[in-house]
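Enquirer: As given, the protein sequences belong to chains A and B, one line each in that order.
Under this note's numbering, the first residue of the first sequence is numbered 1, with each subsequent residue one higher.
Under this note's numbering, the first residue of the second sequence is numbered 1, with each subsequent residue one higher.
It is worth saying that the hints were derived from the structure and are not from the lab.
Treat each hint with caution, since some may be false.
[To be verified] Cut-off 25 Å, straight-line C-alpha distance, at most; resulting in silico cross-link-like pairs (BS3-like, lysine-lysine): (1) A/Lys118 / A/Lys128; (2) B/Lys149 / A/Lys17; (3) A/Lys109 / A/Lys188; (4) A/Lys241 / A/Lys218; (5) A/Lys188 / A/Lys222; (6) B/Lys149 / B/Lys248; (7) B/Lys149 / A/Lys14; (8) B/Lys249 / B/Lys149; (9) B/Lys149 / A/Lys128.
[As the list claims (entries may be wrong)] A few chain B residues that face chain A, going by a derived Cβ cut-off under 8 Å, partial list only: (10) Asp154; (11) Leu155; (12) Ala214; (13) Trp253.
Glycine included, every Cβ here is placed at the ideal spot set by N, Cα and C.
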Amino acid sequence: MTQIEIRDLRVEYKTPKSDEAFVAIDNISLDIEQGEFITIVGASGCGKSTLLLTIAGLVNVTSGSVTINNNTVNGPGRDRAVVFQDASLLPWRSVLGNVKFGLEMQRWKDDDIGERAKRFIKMVGLEKFTDYHPHQLSGGMRQRVNIARALAVDPDVLLMDEPFGALDAQTREVMGDELMNIWERDRKTALFVTHDIDEAIFLADRVIVMGRDPGRIKEVMKIDMERPRNAAMFESDEFAKYRRRLRDHLEEDMASMHLVTEVA
Amino acid sequence: MMLDFYRRNEAIILGTLSLASIGVVWQFVVDAGIVNPFFISTPSEVFAEASIQLESGKLYKNIAASMYSFVLALGLATIVGIFLGVLAGWFRDVESILEPFIWFKYSAPTIAFYPLFVAWLGYGTPTIVAIAFLFALTPIYANTLSGIKNVDRDLVRAARSFGARPLDVFLQVALPGSVPIIVAGLRLGVGRALTGVVVAELFGASAGLGYSIAYHAQLLETSKMMVSIVVIVLLGVVLTQLLTWLEKKTDSWRVH
């Protein structure tokens with residue numbers, strides 16, 4: 001069943017200096033099935049975060065449309081939750097307070113909030129840190145809180161905007177593994193923006209490769225590797241094939257960027 | 001053992017020593033005849049005078065009068081400053097409307113308005129409170145404004161993604177995020193309000209520490225004057241420390 005339908009999507013940003021609007025993404029059409037894990041990669045400036053935030057309802061559509069379960073998106077909604085980079089936790093709230101935050105904003109019944117938040121804190125393995133504040137946690141732990149906060153509101157679609165972008169390579173791999181384990185339980189539809197090629201392949205059913213000027217979809221690459229995925233897959237021939245293909249795309253974009261700067 | 005104790009409390013020990021040595025030097029330069037006691041009195045005389053004033057109830061009366069004005073002025077400045085600061089931080093138009101007045105307040109010495117207040121409110125407590133209120137208002141307003149205005153955009157976006165309404169964003173993100181900087185504004189306001197009270201009392205009052213300083217200065221009674229000065233300094237230190245403590249408490253979640 002198709003859960004997210006994106007049709008001829010175009011998003012422009014008004015720039016304060018000139019009258020001309022900057023085209024962040026253009027001509028994007030995509031169908032996403034329920035339960036699919038989609039990763040989005042691309043060179044910086046290709047509009048991958050814009051695409052995600054538009055689906056989240058945090059960025060306005062200029063033309064075209066995004067529909068989720070046949071409802072047109074025109075703002076944030078209870079059917080979606082976003083995992084941002086770690087700076088998005090409220091620093092004055094404890095782990096528990098932060099996981100409760102999303103539930104409070106969505107006006108869940110007070111009696112359920114505490115228990116529910118604790119259950120998801122336990123799910124991400126932070127039950128011993130319930131009363132800690134974000135500045136007392138490592139980057140990886142903060143992202144676990146972020147994931148717990150998003151999952152606690154029981155969204156149909158989980159949107160992740162470079163959630164592991166600020167983590168070191170090792171923590172990143174561990175977090176990717178854990179995210180897979182959590183995701184395997186109920187296989188919610190997930191969109192995950194990253195600039196890490198290996199991460200993109202490892203997590204995805206399909207990888208969306210985006211290009212820039214304007215931000216657009218260059219290729220949709222299906223990843224035919226069985227689930228559950230494991231670290232051994234990084235070494236497989238298949239993985240190497242996907243990796244080479246993605247790298248070619250990104251290098252092409254990098255090359256064209258250099259060309260532009262030279263001409264300019 | 002001794003050395004360990006010293007290292008752990010180095011700042012306090014050195015601070016106390018430097019303070020004590022000022023007292024000793026103060027007493028010594030007068031006893032040795034280097035400085036005329038008329039100009040600076042001596043610690044022992046000030047202490048003796050303080051005991052007398054304490055016994056007669058005069059000191060208590062002056063402290064009570066000054067503190068009454070201080071609490072009233074700071075309380076008003078806190079309410080008005082936070083109220084206006086929140087409005088101006090949240091609504092750009094309000095900030096633009098208030099801006100010229102804040103510029104006046106920053107550029108012109110508030111005490112210049114003293115005669116005007118006397119004309120409106122007469123000599124005494126109302127004028128003293130008004131001056132001290134104006135002294136304390138600016139830092140409380142300015143800090144509240146900047147706290148609310150500079151709310152973390154990432155946090156606002158995260159809140160909105162969960163469907164937060166503007167009032168939610170204000171109550172759950174902007175306001176709690178501003179508490180430490182507002183308290184820092186209060187700490188500055190405490191010092192300013194105290195200054196305002198004392199300065200205004202110097203010009204015209206019938207009681208209070210500032211009044212006592214002006215009164216005894218005119219009668220050339222240095223020791224009696226010194227008692228009030230020392231008490232004001234102590235009050236200032238204690239009140240500011242109290243706010244510093246509160247600041248640290250509300251600031252604990254910040255990354256240092």
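Enquirer: What are the numbers of the hints the structure violates, in ascending order?
Expert: Of the numbered hints given earlier, those the structure breaks are 9 and 12, listed in rising order.
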